[in-house]
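K.L.:
Sequence:
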Amino acid sequence: MNCIDIVDNIARRLNHLLKQQPKAYLLPTENYGWENFRYRSPKFRLGHVQIFRQDKFCVIHCCVFPHQTDPSPIYGFDVVTGTNKITGVFLDLSPTAKPVEPFTNLNIGQMRERPEWGDIFSQHWLACRPTPEEMTVVGNEAARVLTNYLPSLGDIGDTNLIIQQQNRYCLQQQRNEHTRKALTNILGPNGADSYMSTILFPTIGTLI
Numbered sequence: 001m002n003c004i005d006i007v008d009n010i011a012r013r014l015n016h017l018l019k020q021q022p023k024a025y026l027l028p029t030e031n032y033g034w035e036n037f038r039y040r041s042p043k044f045r046l047g048h049v050q051i052f053r054q055d056k057f058c059v060i061h062c063c064v065f066p067h068q069t070d071p072s073p074i075y076g077f078d079v080v081t082g083t084n085k086i087t088g089v090f091l092d093l094s095p096t097a098k099p100v101e102p103f104t105n106l107n108i109g110q111m112r113e114r115p116e117w118g119d120i121f122s123q124h125w126l127a128c129r130p131t132p133e134e135m136t137v138v139g140n141e142a143a144r145v146l147t148n149y150l151p152s153l154g155d156i157g158d159t160n161l162i163i164q165q166q167n168r169y170c171l172q173q174q175r176n177e178h179t180r181k182a183l184t185n186i187l188g189p190n191g192a193d194s195y196m197s198t199i200l201f202p203t204i205g206t207l208i
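Residue 1 is where the sequence shown starts when you use the working numbering, and the numbers rise one by one after that.
It should be emphasised that the hints constitute simulated quantities derived from the structure, not laboratory data. A couple of the hints might just be wrong.
[As the list claims (entries may be wrong)] Beta-carbon label-pair distances, calculated as ranges:
no.: 1; residue 1: N107; residue 2: N9; range: 33 to 41 Å
no.: 2; residue 1: D55; residue 2: G188; range: 19 to 27 Å
no.: 3; residue 1: G157; residue 2: G188; range: 36 to 44 Å
no.: 4; residue 1: P189; residue 2: R112; range: 23 to 31 Å
no.: 5; residue 1: N2; residue 2: K181; range: 19 to 27 Å
no.: 6; residue 1: G191; residue 2: R12; range: 21 to 29 Å
no.: 7; residue 1: R53; residue 2: L26; range: 35 to 43 Å
no.: 8; residue 1: L26; residue 2: Q110; range: 17 to 25 Å
no.: 9; residue 1: E30; residue 2: D155; range: 29 to 37 Å
From the three backbone atoms N, C-alpha and C, an ideal C-beta is built for every residue, glycine too.
With the sequences and hints as input, model every part of the structure.
P.N.:
See the structure below:
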């Protein structure tokens, strides 16, 4: 099994976890030419799995945003891979309105540096370049963290602060030049902006 197949299987495992959440339902999503699964449930305002797969390249993305009354962190997991080499893996529970406890002890692969705009991530984040063999371990960890995270949602906090912090997270993520450039090559500038701001990282009030 090549790296793309490994990563694809991980994304579908995460998608299954979201799909099986109580009263979760699919949100309507435009067909952009790759797979997008977006859910809403009483536990979260958005759970999204993206699978962008080509013959020699694959990007998966999973993000879960709590409701605007919930101070829980934002779950994020991203993988960029070729057929035989994983370029990057990022896993985090990014804080909004309460501190984030350590959620993983995994220390694997060649570590990646935090991007310039990455102060939205927790100090416990995992960012690395794993080998194909290590990728299975990372995928299991991403699923474990998500499995433990979802039932923990539902706290009540300072709504104004939560909205501010969730929106800040989304706006900072929209600054990711690598993602924007890749999407612009496919969708054009306006399409890339729309996809990043309404599908990938919608601020509270813009989710459709």
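K.L.:
So does G191 sit 21 to 29 Å from R12, Cβ to Cβ?
P.N.:
holds, 26 Å
K.L.:
Is the distance from the Cβ of R53 to the Cβ of L26 consistent with 35 to 43 Å?
P.N.:
violated, 20 Å
K.L.:
Mind checking the hinted window 33 to 41 Å against the Cβ distance between N107 and N9?
P.N.:
violated, 23 Å
K.L.:
Falls inside 29 to 37 Å, the C-beta gap from E30 to D155?
P.N.:
Once the Cβ atoms are compared, 32 Å apart, the range 29 to 37 Å for D155 and E30 holds.
K.L.:
Taking the Cβ atom of P189 and the Cβ atom of R112, is their distance within the range 23 to 31 Å?
P.N.:
holds, 27 Å
K.L.:
Taking the beta carbons of D55 and G188, is their distance inside 19 to 27 Å?
P.N.:
holds, 23 Å
K.L.:
With respect to the beta-carbon atoms only, verify the hint that N2 and K181 lie 19 to 27 Å apart.
P.N.:
holds, 25 Å
K.L.:
Starting from the range 17 to 25 Å, see whether the pair L26 and Q110 falls in it by beta-carbon distance.
P.N.:
Between L26 and Q110, where Cβ atoms are some 37 Å apart, the hint is violated.
K.L.:
Between G157 and G188, does the beta-carbon spacing fit 36 to 44 Å?
P.N.:
holds, 39 Å
Hints 1, 7, 8 from the list above are not met by this structure, while the remaining hints are.
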